[in-house]
Structure formats: C-alpha cells, structure tokens
Amino acid sequence: MIPDASHIHRATPADLPDLITMIHALSAFHNDTATITLDQLRDAAFGTRPTCEILIAKRDGVAIGYAGLIRTFVIHSAQTRMDIHHLFVKPESRRTGVACALIAAARDHAHTLGATRLTIGTDPDNATSVATYRAMGNLKEITGLGPRFWVGLDD
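In my numbering, the protein residues as written are 662 to 816.
Simulated crosslink set (SDA-like; lysine to any residue; CA at most 25 angstroms straight-line):
{"id": "1", "residue 1": "Lys801", "residue 2": "Thr733"}
{"id": "2", "residue 1": "Lys751", "residue 2": "Gly798"}
{"id": "3", "residue 1": "Lys801", "residue 2": "Ser738"}
{"id": "4", "residue 1": "Lys751", "residue 2": "Asp693"}
{"id": "5", "residue 1": "Lys719", "residue 2": "Leu677"}
{"id": "6", "residue 1": "Lys801", "residue 2": "His737"}
{"id": "7", "residue 1": "Lys751", "residue 2": "Ala686"}
{"id": "8", "residue 1": "Lys751", "residue 2": "Leu779"}
{"id": "9", "residue 1": "Lys719", "residue 2": "His772"}
{"id": "10", "residue 1": "Lys751", "residue 2": "Thr789"}
{"id": "11", "residue 1": "Lys719", "residue 2": "Arg671"}
{"id": "12", "residue 1": "Lys801", "residue 2": "Arg732"}
{"id": "13", "residue 1": "Lys801", "residue 2": "Val735"}
Just so you know, these hints were derived from the structure itself, not from any lab.
Kindly generate the complete structure, drawing on both the sequences and the hints.
This is how it looks when you write it as structure tokens:
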C-alpha cells in the first residue's frame, strides 16, 4: 500500500525521535555511524537558520521512511535546486512504493519552493536503489560530472 500525500508531510519537532532512529538505521546500512544528536537535528531542521528540510512518510501514524532535503543555490544562474541527501524506508515497508512516493513528494515540495531541479544520488554499490531510480522513468541519470574533492575544516 503506497502512502498517499496525506501520509507524507513535512516533519515536525514531534517527529524527531523517529527521524533520529531512521537516520541511525540508514547510517548502519551504509556501514557508518550517525553521530547527530536530537538537539543537533532539531536545530538543523527547525532552528533559526535551518540547513535541511525533512519529509516523513507514515502508515497508520507510524513513521516508515523519510527524505532529507538540502537546498542549494547555483550562483551563475541564480537558480535554487534541491537535493535528496537522505532517502530511507524501513525494511518492512520497502518494495511498497514508499521511496517513489517520497521522491514524488520531494519533487512537489521543491517545485513549491521555486527550485528548478531535484537531484538524488546513491552509493554505486546499492544496486536496489540504482535499479529503483532507473525504473522510475521520470528520473534522468547524471553522468560525467567529473571528480569532486573535499578538504577537512577541523584542523
């Protein structure tokens, strides 16, 4: 059963405990450890200068997945874009259309904010996600972006 739009909504502070649990589960899935605290997530999503937005999917009032969205601004074109930085569905709700419904809700949300593009990525070894995104039909695969680099700022 795919949740309809009334079951996917912008997260509220009341959703934070469920979100933290799912964030830890997503990190564990990728053999990583989530270190974010409840207070840090509250500040990031609902503070005076939010750095992310979160959509949450629920079935019968129980959280079953979320999409963590990050807004970016493309300076040279003055366009806002949105990236689905996290997409997670609890194992018992996978293969039921929840991920596709979250992506559709994220697209609608990004559109209402005036974004010109919504992106989503996945680990290349996550064959299930890659296959799901390719099968959706309305997602265009981005290739050839070239290498990206990072520099640590904690030294």
